[in-house]
Amino acid sequence: MIAMVGIPLATVVLLSFWESDGIAIYPAFTLENYREVLTSPLTLSLFLKTLEYASITLVCTALIGFTCSYFLVFHVRDLKWQIGLFLLCTIPFWTSNIIRMVSWIPFLGREGLFNSFLIQAGLTNAPLDILLYSDFAVILTYIHLYTLFMIVPVFNSMAKINPDLVEAARDAGAGSWQILCYIIIPLSKTALALGTIFVVTLVMGDFFVVRVMSGGQSASVVSAMKNEIDQLYYPQASAMAVLLIVVVLLMVSAVLRIVDIRSELAR
Amino acid sequence: MAHTSTRRGPAFYLLALFFALFVAFLYGPMLIIFLLSFQGPSGGLTFPMRGVSTHWFGDLWSSSRYGDLGGAFSRSVMLGILSMLITAVCCLFAGLAFRRKFWGAGPLFYLSIVSLVIPGILLGLGISQLFQLLGFQLHWWLSALGAHLSWTLPFGLLIMFAVLNRFDSSWEEAARDAGARPRQILAYITVPILFPGLIAVALFGFTLSYDEYPRSLLTVGGLNTLPIEISNMTTNVTTPALYAIGTVTSAISFLVIAAAFIAIAIIQKNRAKARGKQA
Chain A
1 MIAMVGIPLA TVVLLSFWES DGIAIYPAFT LENYREVLTS PLTLSLFLKT LEYASITLVC
61 TALIGFTCSY FLVFHVRDLK WQIGLFLLCT IPFWTSNIIR MVSWIPFLGR EGLFNSFLIQ
121 AGLTNAPLDI LLYSDFAVIL TYIHLYTLFM IVPVFNSMAK INPDLVEAAR DAGAGSWQIL
181 CYIIIPLSKT ALALGTIFVV TLVMGDFFVV RVMSGGQSAS VVSAMKNEID QLYYPQASAM
241 AVLLIVVVLL MVSAVLRIVD IRSELAR
Chain B
1 MAHTSTRRGP AFYLLALFFA LFVAFLYGPM LIIFLLSFQG PSGGLTFPMR GVSTHWFGDL
61 WSSSRYGDLG GAFSRSVMLG ILSMLITAVC CLFAGLAFRR KFWGAGPLFY LSIVSLVIPG
121 ILLGLGISQL FQLLGFQLHW WLSALGAHLS WTLPFGLLIM FAVLNRFDSS WEEAARDAGA
181 RPRQILAYIT VPILFPGLIA VALFGFTLSY DEYPRSLLTV GGLNTLPIEI SNMTTNVTTP
241 ALYAIGTVTS AISFLVIAAA FIAIAIIQKN RAKARGKQA
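Going down the list, the sequences are from chains A and B.
Numbering follows our numbering, in which position 168 of the first sequence is assigned residue number 168; successive positions increment by one, without gaps.
Numbering follows our numbering, in which position 31 of the second sequence is assigned residue number 31; successive positions increment by one, without gaps.
Chain B with its partners taken away, still in its complex shape:
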């Protein structure tokens, strides 16, 4: 990309140092809690490490002090998967629709931008009050899911725009000329070509919902999701178990990210191979 004709000067090394410091700044604190979560049974919240053990991980599941972590965890994962599926499907069609002007396109676009920039807790307040006025019960799978979608859908839509920018619609036209029906075009042309982008949208859908806190706070109703349990723990748990749960959720996030990346990489590789065969 950058074809500089000059040799690398001191500016390069200065900037590289700056960048390295920034990465350290990003990851450093996380590494500290990963280390501290393996604190020995008598260890406290900070260094020094008193032995190495997985005591606090066991403590998380066996002790009842931390509330219903297992339930919160499964609810968070379920919500994440639901938001992921809905976000991916809705954003695909919305993105395709936005390629042409349609009735209400402008207001819909601005509404999604507003939903991105509005403080999450306000939306939570609005949704919870609305439910109360209408006499509905707050449920994590209804009101909280809606709150999560108000956050994942606009985000996914923006990414879908970026993905569609690189999509060449002459593929679709070619299929139409060859006599394909709209549904066939969608199933055999559009979706397969856009698939890596859809994985990215789905990844956002899952992780944003899985870690969502301010919007969920007032909308989950009686049963909490994992981020809310964790934030409660920050105020009343003073053992490394707090770090252990942090390590566990981060590990899950990293697993999901890695799975998405690997899937995209495999698809790209297969495509490159197919292209190689044709040549």
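Looking at chain A on its own, in the form it has when it is part of the complex:
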């Protein structure tokens, strides 16, 4: 772990202080890369864009993940069905993300299924362009790829809620809405936080989905970084990377402050 995680991270940090002229990199100690990254208005807009993607995706995945887990745990009565349906949700996780992303293209494209359906139904007369290669497509793909990371922890923690607790509340005269608000949501808060960490870090770290699904029109922090790597501006990319890591770790520790994740894992 130390060899493959600790040392490479240190390398990135070190590299961020070095100089480069686009051809080679020189060992040095300079804050130039940071100055460049921090003063550029582009950086701010990139981070805002990435945060925007992350927050929209987070809200959608949390709602979908919570609703699906709630249905599975409290409305599906047979344990066998429960596990079967849960596995149905998780199997796509084990298949290739790239393929799952690519598979949206024939559905959303100009001549794709959805557009031809709209035209045939007479809802529009020209194909909608905003479906593919847009922010919409990017976020849709994120939701498609990452909802699993929300469902798995939330389902796990909901399944551990003692059904007697719900029964007792019902006997005491609580409606299902009250049970949801006062028992189930508080008890699955930790799991929601765990899912949040996964979804946010995955979205913040992605570059491939943004590049393909936005058709090169939008960029996120990492996709911009990838461009710098392609142009061999390693130190600049590293400075950006360090900045990103700091932001991500700040967010993760903020979430950890609110809830104790280890207690959830240890349960």
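I should point out that these hints are in silico values taken from the structure, not numbers from a laboratory.
Ideal placement from N, C-alpha and C gives every residue a C-beta, glycine not left out.
Each hint should be verified, as a subset may be incorrect.
Said to hold, decoys possible - Below, simulated BS3-like cross-link-like pairs (lysine-lysine); rule was C-alpha separation at most 30 Å, straight line: (1) A/K80 - B/K269; (2) A/K160 - A/K80; (3) A/K49 - B/K273; (4) A/K160 - B/K269; (5) A/K80 - B/K273; (6) A/K160 - A/K189; (7) A/K49 - A/K160; (8) A/K189 - A/K49.
Claimed, not checked - Derived contacts from chain A toward chain B, CB cut-off under 7 Å, selection only: (9) S45; (10) C68; (11) T90; (12) T95; (13) S96; (14) I99; (15) W104; (16) P106; (17) G205; (18) V252; (19) A254.
Given chain A, work out where chain B should sit, using these hints.
Same frame as chain A, but now just chain B:
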């Protein structure tokens, strides 16, 4: 699990509908590309289907336009198997070790969490730069394997924690009281009981590595793995061959998943039978 005393109300059907829509959302696009990969030879990237054929599957293997798919495929499978074995073994011992406090347990735990949440391409960048600074060559079986392990090991460890939560250590104590040596306990008690969980860990090890893209991108060196070949194809291949390769890799993933599930199911069934005999 849910013993509701009331009858199923409209809420149930609403939620069921929502769930069904979600499953359709998950699987729908995949089904579309499975269908489209059987497009006839003159067909394009979208519907309508122009005949049904396996033309594009043949095209994948016969045409040289798609780069070294066969080689990439075998490298991916090899990497997957290597990561699977290393992940399963390391996670077993790490999981067992984490049951007790040991020196460095806290930092090690946080390091593995960091390795999970750090964007993969950053790790890739770090590893590739490190290799360059040290003057090593990047190889898929060295640097890329390391990059994959940085992703599969923490994941496997988390699953191992969940598995060990349900493990009753009084079995081990009983064996120790009966005079078993530590190695015997491990071989005859701990591993057999944990075996279904280990299969799950191994499954994660294989599939996560097999489909891994961002970490591999900068670390594979000269010879690509399959996900990288596929992602290159998304930008420059405009025939249904793209869908065909998608169908092939998904089919392999599904096969591996099915094999793991069947293995677990057989073990559980045998155990249930053994329990039945004792009763």
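Hint check results:
A C-alpha spacing of about 14 Å is found between A/K80 and B/K269, which places the hinted pair at or below 30 Å, so the restraint holds. Distance hint between A/K160 and A/K80 is fulfilled; the C-alpha atoms sit about 16 Å from each other, no more than 30 Å. Restraint check: the Cα-Cα separation between A/K49 and B/K273 comes to about 57 Å, which exceeds 30 Å; the hinted pair is violated. Only pairs whose Cα atoms come within 30 Å are accepted, and A/K160 paired with B/K269 is accepted, the gap being roughly 24 Å.
At roughly 18 Å between alpha-carbon atoms, A/K80 and B/K273 fall within 30 Å of each other, so this suggested pair holds. For the hint linking A/K160 to A/K189, the alpha-carbon distance of about 13 Å falls within 30 Å, and the restraint holds. Restraint check for A/K49 and A/K160: not satisfied, since their Cα atoms lie roughly 37 Å apart, outside the 30 Å limit. Our distance criterion of 30 Å between C-alpha atoms is met by A/K189 and A/K49, whose separation comes to about 27 Å.
Interface restraint check: A/S45 against chain B, minimum CB-CB distance 19 Å, threshold 7 Å, status violated. Nearest Cβ of chain B to the Cβ of A/C68: about 6 Å, under the 7 Å cut. The hint holds. Because the beta carbon of A/T90 sits about 10 Å from the nearest beta carbon in chain B, more than 7 Å, this interface hint is broken. The interface hint given for A/T95 is met, as the beta carbon of that residue sits about 4 Å from the closest beta carbon of chain B, less than 7 Å.
Given the 7 Å rule on beta carbons, the hint for A/S96 holds: about 4 Å separates it from the nearest Cβ of chain B. Interface hint at A/I99: satisfied, since its Cβ lies 4 Å from the closest Cβ of chain B, which is below the 7 Å cut-off. Checking A/W104 against chain B by beta carbon gives a least distance of about 5 Å; that is within 7 Å, so the hint holds. Of the supplied interface hints, the one on A/P106 holds, with its beta-carbon coming within about 5 Å of a beta-carbon of chain B, less than 7 Å.
For A/G205, the shortest C-beta to C-beta distance to chain B is roughly 3 Å, which falls under 7 Å, so the interface hint holds. A distance limit of 7 Å between C-beta atoms decides the matter here; for A/V252 the minimum to chain B is near 6 Å, and the interface restraint holds. At its closest, the beta carbon of A/A254 sits 13 Å from a beta carbon of chain B; the interface hint therefore is violated under the 7 Å criterion.
In this structure, the earlier hints numbered 3, 7, 9, 11, 19 are contradicted, and the remaining ones agree with it.
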